[in-house]
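As you go down the protein sequences, you meet chains P and C in turn. Heads up: the first sequence at position 21 corresponds to 21 in the numbering used here, and the numbers run straight through without jumps. Heads up: the second sequence at position 144 corresponds to 144 in the numbering used here, and the numbers run straight through without jumps.
Simulated from the structure, these hints should not be mistaken for laboratory data. Keep in mind it's a predicted model, so treat the numbers as computed, not measured. The beta carbon of each residue, even a glycine, is placed where N, CA and C say it ideally should be. Treat the hints with care, since some could be wrong.
[To be verified] Beyond 12 Å from chain P on every Cβ pair, some chain C residues (computed):
hint: 1; residue: Glu-23
hint: 2; residue: Asp-30
hint: 3; residue: Arg-38
hint: 4; residue: Gly-59
hint: 5; residue: Gln-79
hint: 6; residue: Lys-85
hint: 7; residue: Ala-86
hint: 8; residue: Leu-150
[Unchecked claim] Straight-line distance between alpha carbons at most 30 Å, and here's what the computed DSSO-like set of lysine-lysine pairs gives:
hint: 9; chain 1: P; residue 1: Lys-164; chain 2: P; residue 2: Lys-200
hint: 10; chain 1: C; residue 1: Lys-93; chain 2: C; residue 2: Lys-135
hint: 11; chain 1: P; residue 1: Lys-74; chain 2: C; residue 2: Lys-21
hint: 12; chain 1: C; residue 1: Lys-50; chain 2: P; residue 2: Lys-118
hint: 13; chain 1: P; residue 1: Lys-209; chain 2: C; residue 2: Lys-33
hint: 14; chain 1: P; residue 1: Lys-118; chain 2: C; residue 2: Lys-33
hint: 15; chain 1: P; residue 1: Lys-209; chain 2: C; residue 2: Lys-50
hint: 16; chain 1: P; residue 1: Lys-215; chain 2: C; residue 2: Lys-50
hint: 17; chain 1: P; residue 1: Lys-282; chain 2: C; residue 2: Lys-50
hint: 18; chain 1: C; residue 1: Lys-50; chain 2: C; residue 2: Lys-63
hint: 19; chain 1: P; residue 1: Lys-205; chain 2: C; residue 2: Lys-50
hint: 20; chain 1: C; residue 1: Lys-113; chain 2: C; residue 2: Lys-5
hint: 21; chain 1: P; residue 1: Lys-261; chain 2: P; residue 2: Lys-200
hint: 22; chain 1: P; residue 1: Lys-282; chain 2: P; residue 2: Lys-209
hint: 23; chain 1: P; residue 1: Lys-74; chain 2: P; residue 2: Lys-200
hint: 24; chain 1: C; residue 1: Lys-5; chain 2: C; residue 2: Lys-135
hint: 25; chain 1: P; residue 1: Lys-118; chain 2: P; residue 2: Lys-74
[As the list claims (entries may be wrong)] Listed below are several chain P residues computed to face chain C (Cβ distance under 7 Å; list not exhaustive):
hint: 26; residue: Asp-33
hint: 27; residue: Ile-149
hint: 28; residue: Thr-213
hint: 29; residue: Ile-223
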Amino acid sequence: MSSYAHPEALVTTDWLAGHLNDSDIRIVESNEDVLLYSTGHIPGAVHIDWRSDLQDQTVRDYISPAAFAELAAKNGIGRDTTVVFYGDKSNWWACYALWAFRLFGHPNVKILDGGRDKWIAEGRPTTREVPGPAPAEYPVPPKRYDDEIRAFFDDALAQSRGRKPLIDVRSPGEFVGDVTHMPEYPQEGVLRGGHVPGAKSVPWKRAVKDDATFKSADDLRAIYEGEAGLKPGDDVIAYCRIGERSSHTWFVLTYLLGYEKVRNYDGSWTEWGNKVLAPIAKGA
Amino acid sequence: MYPPKLQQIVELFEVLPDIEKRETLITYADQAKSKEPREGETFDLEDVRKDEECTDTVGIFLKVNPDRTTRYRVALGPQVQTLTKAMTAILCKGLEGITIEQVLDVPADFVPKIVGADLVRQRSQTVYYILTRMKSAATVWRNRDRAANLA
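The shape of chain P in the complex, shown without the other chains:
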């Protein structure tokens, strides 16, 4: 049985329970349910909202390096702080927040395996007390690592035309073009259904078990390499609808399987499916 490429990127609920008060660790909750943090969270955890905190409020983009430094500092996160992310939906948004932190080069990031659901299911403590961490010093990152871990439309188009690996992590219905949003979610303004030509369908959820923890390295390899045909060393782009589910797959490929060149196309289908003249494939 093989192990994860970067096992240090995951922590267990047991481990976190024993490190709640470590001064060099900051726990960050990031959810889809915008009010969930306020209903109770892991003691000491701060809340970072994927939309209001990490995204620019005017342009469809992420915040600037200066704004990131300010966000980190006010949450008591210094450059050397180890940030442990967790959240609902099997850590979708936690992975998205982690990916955004990596956009700014924050070095020490981890995911709580199983996320919020596992913590709650195990009856571990939660609180409604919002911590007020002492502001930290956070130097403004010299750059954003868009070139390394983020893909734009032109990158995805080049990937498609070059027949390089594209992983579509949406639900099967979205991939074949029967629907333009995942089950249970509002239609977020996509005009066309289908997928990027050449993309392979690997729904994000295949990477997790029923308890929201990640599958074993062997199981993940069987899915992404055995079925989808990826190979270590591949240059991979993952996409979904707005880049949140694909950041989960980005985490799996980067940290659990050790792929070194994986980019998350955050424009995803809400850009591609609306773009004039963007090529679209339908069907399985």
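Given chain P's structure and the hints, the job is docking chain C onto it.
Okay, now just chain C, sitting in the frame of chain P:
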């Protein structure tokens, strides 16, 4: 104008700053469990289903009195979002005692006043879902009532 109890809730939210709006929504979400059907209660219409617009099953239970006033109970699955829980408690309280016809006339424009424009944008269909389901139940009951009266 909204039904009196809903109007009171709207007026409360309208003067709250955003942070207190959210805290009040959490308080309402905490009350959602108390809006479930209770032991021994009977209903004239029960509509339990899982729709694409919501992350879990929602059951709407409607009791209509002889004077056509209504009482709603709502059962929510565990995966339902916090905002949906809050809207459930708000609507069960806000629509309490009004008639079927008044339920159907409730305009949906109170939602942004309670929830705030930001949350409406983020979860645009979710925040209207419970009201839609309550109105749907009212419509079904009214149609059955009309059919019975014609028979």
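Problem set entry | Violating hint indices (sorted, rising) | Hints 1, 2, 5, 6, 7, 23, 27, 28 and 29 contradicted; others consistent.
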